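> Listed below are the residues making up each chain.
Number of protein chains: 2
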Amino acid sequence: MRRLGYALAGVAMAGAAQAAEPPLDAKASDPVAMGWMVGSPPPPERTVRFDDGSYLTFPQTRWTFSHWRELFPTTLVARGAGPVSALPRAERGDLDAVTFTPLGGAAPMTWGQSLAANYTDGILVMHRGKVVYERYFGALKPEGTHIAHSVTKSFVGTLAAMLVAEGKLGPDALVTRYIPELAGSAFGDATVRQVLDMTTGLEYSEVYTDPKSPAWDFVRAVGLLPRPPGYSGPTTSYDYLKTLRKAGEHGQAFSYKSVNTEVAGWLVQRAAGKPLAQQLSERFWAPLGMEQDAYLQVDAVGSGYAAGGLNLALRDLARFCEMMRQEGRSNGRQVVPAAVVAEIAGGARREDFAKAGYATLPGWSYHDQWWVSHNDHGAYMARGVNGQACYVDPKAEMSIVRFASHPQASNVYLDPLSLPAYHALAQHLMRTP
Amino acid sequence: MRRLGYALAGVAMAGAAQAAEPPLDAKASDPVAMGWMVGSPPPPERTVRFDDGSYLTFPQTRWTFSHWRELFPTTLVARGAGPVSALPRAERGDLDAVTFTPLGGAAPMTWGQSLAANYTDGILVMHRGKVVYERYFGALKPEGTHIAHSVTKSFVGTLAAMLVAEGKLGPDALVTRYIPELAGSAFGDATVRQVLDMTTGLEYSEVYTDPKSPAWDFVRAVGLLPRPPGYSGPTTSYDYLKTLRKAGEHGQAFSYKSVNTEVAGWLVQRAAGKPLAQQLSERFWAPLGMEQDAYLQVDAVGSGYAAGGLNLALRDLARFCEMMRQEGRSNGRQVVPAAVVAEIAGGARREDFAKAGYATLPGWSYHDQWWVSHNDHGAYMARGVNGQACYVDPKAEMSIVRFASHPQASNVYLDPLSLPAYHALAQHLMRTP
Numbered sequence: 001m002r003r004l005g006y007a008l009a010g011v012a013m014a015g016a017a018q019a020a021e022p023p024l025d026a027k028a029s030d031p032v033a034m035g036w037m038v039g040s041p042p043p044p045e046r047t048v049r050f051d052d053g054s055y056l057t058f059p060q061t062r063w064t065f066s067h068w069r070e071l072f073p074t075t076l077v078a079r080g081a082g083p084v085s086a087l088p089r090a091e092r093g094d095l096d097a098v099t100f101t102p103l104g105g106a107a108p109m110t111w112g113q114s115l116a117a118n119y120t121d122g123i124l125v126m127h128r129g130k131v132v133y134e135r136y137f138g139a140l141k142p143e144g145t146h147i148a149h150s151v152t153k154s155f156v157g158t159l160a161a162m163l164v165a166e167g168k169l170g171p172d173a174l175v176t177r178y179i180p181e182l183a184g185s186a187f188g189d190a191t192v193r194q195v196l197d198m199t200t201g202l203e204y205s206e207v208y209t210d211p212k213s214p215a216w217d218f219v220r221a222v223g224l225l226p227r228p229p230g231y232s233g234p235t236t237s238y239d240y241l242k243t244l245r246k247a248g249e250h251g252q253a254f255s256y257k258s259v260n261t262e263v264a265g266w267l268v269q270r271a272a273g274k275p276l277a278q279q280l281s282e283r284f285w286a287p288l289g290m291e292q293d294a295y296l297q298v299d300a301v302g303s304g305y306a307a308g309g310l311n312l313a314l315r316d317l318a319r320f321c322e323m324m325r326q327e328g329r330s331n332g333r334q335v336v337p338a339a340v341v342a343e344i345a346g347g348a349r350r351e352d353f354a355k356a357g358y359a360t361l362p363g364w365s366y367h368d369q370w371w372v373s374h375n376d377h378g379a380y381m382a383r384g385v386n387g388q389a390c391y392v393d394p395k396a397e398m399s400i401v402r403f404a405s406h407p408q409a410s411n412v413y414l415d416p417l418s419l420p421a422y423h424a425l426a427q428h429l430m431r432t433p
Numbered sequence: 434m435r436r437l438g439y440a441l442a443g444v445a446m447a448g449a450a451q452a453a454e455p456p457l458d459a460k461a462s463d464p465v466a467m468g469w470m471v472g473s474p475p476p477p478e479r480t481v482r483f484d485d486g487s488y489l490t491f492p493q494t495r496w497t498f499s500h501w502r503e504l505f506p507t508t509l510v511a512r513g514a515g516p517v518s519a520l521p522r523a524e525r526g527d528l529d530a531v532t533f534t535p536l537g538g539a540a541p542m543t544w545g546q547s548l549a550a551n552y553t554d555g556i557l558v559m560h561r562g563k564v565v566y567e568r569y570f571g572a573l574k575p576e577g578t579h580i581a582h583s584v585t586k587s588f589v590g591t592l593a594a595m596l597v598a599e600g601k602l603g604p605d606a607l608v609t610r611y612i613p614e615l616a617g618s619a620f621g622d623a624t625v626r627q628v629l630d631m632t633t634g635l636e637y638s639e640v641y642t643d644p645k646s647p648a649w650d651f652v653r654a655v656g657l658l659p660r661p662p663g664y665s666g667p668t669t670s671y672d673y674l675k676t677l678r679k680a681g682e683h684g685q686a687f688s689y690k691s692v693n694t695e696v697a698g699w700l701v702q703r704a705a706g707k708p709l710a711q712q713l714s715e716r717f718w719a720p721l722g723m724e725q726d727a728y729l730q731v732d733a734v735g736s737g738y739a740a741g742g743l744n745l746a747l748r749d750l751a752r753f754c755e756m757m758r759q760e761g762r763s764n765g766r767q768v769v770p771a772a773v774v775a776e777i778a779g780g781a782r783r784e785d786f787a788k789a790g791y792a793t794l795p796g797w798s799y800h801d802q803w804w805v806s807h808n809d810h811g812a813y814m815a816r817g818v819n820g821q822a823c824y825v826d827p828k829a830e831m832s833i834v835r836f837a838s839h840p841q842a843s844n845v846y847l848d849p850l851s852l853p854a855y856h857a858l859a860q861h862l863m864r865t866p
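Protein chains in written order, with the numbering used here: chain A, 1 to 433; chain B, 434 to 866.
Derived by calculation from the structure, the hints in this document are not laboratory data.
No experiment lies behind these values; they were computed from the predicted model shown.
C-beta atoms are modelled at their ideal positions from N, C-alpha and C, and glycine is treated no differently.
Don't take each hint at face value.
Pairs of lysine-lysine, BS3-like flavour, derived with a Cα cap of 30 angstroms [to be verified]: (1) A:141 x B:601; (2) A:168 x A:246; (3) A:274 x B:601; (4) B:707 x A:27; (5) B:601 x B:460; (6) B:675 x B:601; (7) A:130 x A:168; (8) A:168 x A:212; (9) A:355 x A:242; (10) B:574 x B:601; (11) A:141 x A:246; (12) A:395 x A:130; (13) B:675 x A:168; (14) B:563 x B:828; (15) B:460 x A:274; (16) B:460 x A:141; (17) A:130 x A:212; (18) A:141 x A:27.
Just so you have them, the derived chain A footprint on chain B, three or more residues with Cβ under 8 angstroms [what the hints assert, rightly or not]: (19) 482-493; (20) 507-516; (21) 667-678.
Where chain A lies over chain B, by a calculated footprint (3+ residues, C-beta under 8 angstroms) [what the hints assert, rightly or not]: (22) 462-476; (23) 697-706; (24) 726-735.
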């Protein structure tokens, strides 16, 4: 269990590196060059396993994030038999040289330099509906898939917002209207809106650097972590959610707690009467003409891990993100109602968000499981630990999607080299269309 | 652990039902009508789980076999981005009435009646390159996938035979030439041919009705069974194989032991230097224009479960089976060398096979992980527990593929209503082309 202990206290999903030495850089940690999982069997020192926790340890994570299904039970998110939608290309060579100043005042850097600095596995930029930039690194290939981590949440939030627009989910209703089982829990007096915007007051913290953080109990229940011998805790997401207790009041402040998304996923399933994976397939994968099937990690009773279990191709994340950028349209089809996209992009109360104290996100808000910048471009994002991102810039007619395997979980460590880079790219594309 | 105990002693993978009462029939056990895994969460009495063993208990298996990836780690067998190959259709309504006499002398029965009697989940008949019959039942749909169980072995055996034809694998070489790690095991003095034809002498039995059968230790090592608290045995296929001891002599008699296929899978990986799933993709899924991605269950170090872990669409099994029927050709392309198909279809020594005492397979042999009938049609088969089948009848220009979830594991229980039905259908198609 030593390696697991290291992983738990370690860098993969942790907020801050524990190791005294800095982690290997992107080149030194290249998972193909390191040769993870090559051979039959791979040599022990190049093997990535679930049961010893090595899958969550950096630099193994650089392999893991592109091979999630090989470690966990998953369910299919089917693209169906329809045609693949075109992704028109107009690649340009000038973007690597675009310069930006990192948050915090470090020396200026180019877009091209930022990719390795952020341990990028894949990045794709769409401008006016065309692919202007696309790169793959590490273990990811165009035909491969990558764990989206909490970018999954924005897919779930979009499903929820669509169900709200259809009158199947009442934003002001109590959660218990749809999930009576949560009556005795912290969610007993919470509304759907509070869950979707993560303004619930919960006795729960999501601090991956603290081995005693309830977040570990949560992911252990879902099956994302090995369970110790004699484990007698909850073995499903549903059972874990029922154990949560309230702290403070609901509706007062944004506080990022993934368990809200698990409740949102439950709500979406109850409101539509279908499993999450089926909804993702019918609402997004089929109508968007995705080029790859996606898949969703499931718990012990087959429930999709709404807070972070989606795995998909980078180009398909681009199709989704670009659809949002085009106010819900894709290839002449209204996939998500424009009013739903506007609702999401409008964000929530910035004063609620400010209480969470995100240094890299001043003036932002969180709404329907999306991060909204409220900047002068109207940009908003889906964000996942270790650098997963879908960035929509309506004014610049640009969207950016990125998969990464940064040694640090928290995007606080990636934002300084990402947010200003995205904005600089947007301004550059507006100047030189 | 009570339910697991039941599963272990039970009917799903067992050779004989333990229950005093007969199992539910196909209609009463219909997994859709029973409502397995419907709801969020599904009701406890309609939940199928890995950790309590219910996934291996009949009638839950009628759901499980079409949802394998939701219970286990798996790896992709990619079809790639190429076009789907056409499956021309010429369906005919006269086949349901074809009559045959079951082995053992029971009253004559029609083809149509045999399907429910065999707990068929899906069945497809090709004649002269066209689909003449296709039906789905239970939890399987044309766009779904189903566990192939030991039909997987014939895919692995075909890969091995191709590598032999290419000179990359020597049939008369010792296994240890490719896998020195097995020097101290039962396989230390076995040849590749003995492994491929399952004529090794092993201190191992595959009797699923015996809870102490080594077969349970094997599947526990692979990860197919929950491990008891404090389990300290092998956790990978590779490590389990090293523990096997010899009994008797190699090369004297056929004895069906799945561990041979695990060695064959290891050999195929060593000889080609690629994971099994990648070879299945490159050799079969891409060139055959399969319509769905397939997937392979993996163990704790990501190794594909060669003895029984392939999941695929019924129509894709038909493409593979029909390619074999057409001497390795498919859509004008030689996917498998004709000489390899001839080698497989020629079978092995029938006297070696006879020693295994299969009452329903008189005069058959086992070669390159295929079951060869040596009948006057030159028929041969891939066979998996609970009724999985690919039946090739060269003389009748017919192939049949079937997925099933029969309560009995051993095909001895399905053969009486299958083998004569297949032959009767072949004769009917020859008479009335």
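> Assess, step by step, whether the Cα of residue 130 (chain A) is no farther than 30 angstroms from the Cα of residue 212 (chain A), and give holds or violated.
violated (46 angstroms)
> Given the hinted pair residue 675 (chain B) and residue 168 (chain A), is their Cα-Cα distance within 30 angstroms?
Measuring from Cα to Cα gives roughly 57 angstroms; hence the hint is violated.
> Is the Cα-Cα distance between residue 274 (chain A) and residue 601 (chain B) 30 angstroms or less?
Roughly 49 angstroms between the alpha carbons, so the hint for residue 274 (chain A) and residue 601 (chain B) is violated.
> Using C-beta distances, would you say chain A covers the segment 462-476 of chain B, given that this needs three or more residues below 8 angstroms?
holds (count 4)
> Are there at least three residues in the segment 482-493 of chain B whose beta carbon sits under 8 angstroms from a beta carbon of chain A?
holds (count 3)
> Please verify whether residue 141 (chain A) and residue 246 (chain A) have alpha carbons no more than 30 angstroms apart.
It is violated: about 44 angstroms lies between the C-alpha atoms, which goes past 30 angstroms.
> Examine the segment 697-706 of chain B for residues whose CB is less than 8 angstroms from any CB of chain A, and state whether their number is three or more.
That given contact holds, which follows from 3 residues of the segment 697-706 of chain B lying within Cβ reach (below 8 angstroms) of chain A.
> Just to be careful, I want the Cα atoms of residue 707 (chain B) and residue 27 (chain A) compared with a cutoff of 30 angstroms; is the pair within it?
holds (25 angstroms)
> So if I understand the rule, the pair passes when the alpha-carbon distance is 30 angstroms or less; does residue 675 (chain B) with residue 601 (chain B) pass?
This hinted pair holds, its Cα atoms lying about 23 angstroms apart.
> Would you say the segment 667-678 of chain B counts as covered by chain A, given the rule of at least 3 residues with C-beta under 8 angstroms?
holds (count 3)
> Hey, residue 563 (chain B) versus residue 828 (chain B), does the alpha-carbon distance stay inside 30 angstroms?
The hint holds at about 16 angstroms.
> How does the segment 726-735 of chain B fare against chain A when you require at least three residues with a CB closer than 8 angstroms, holds or violated?
Answer holds; 6 residues pass the 8 angstroms Cβ test.
Going down the numbered hints, you'll see the structure goes against 3, 5, 7, 8, 10, 11, 13, 16 and 17, while the others check out.
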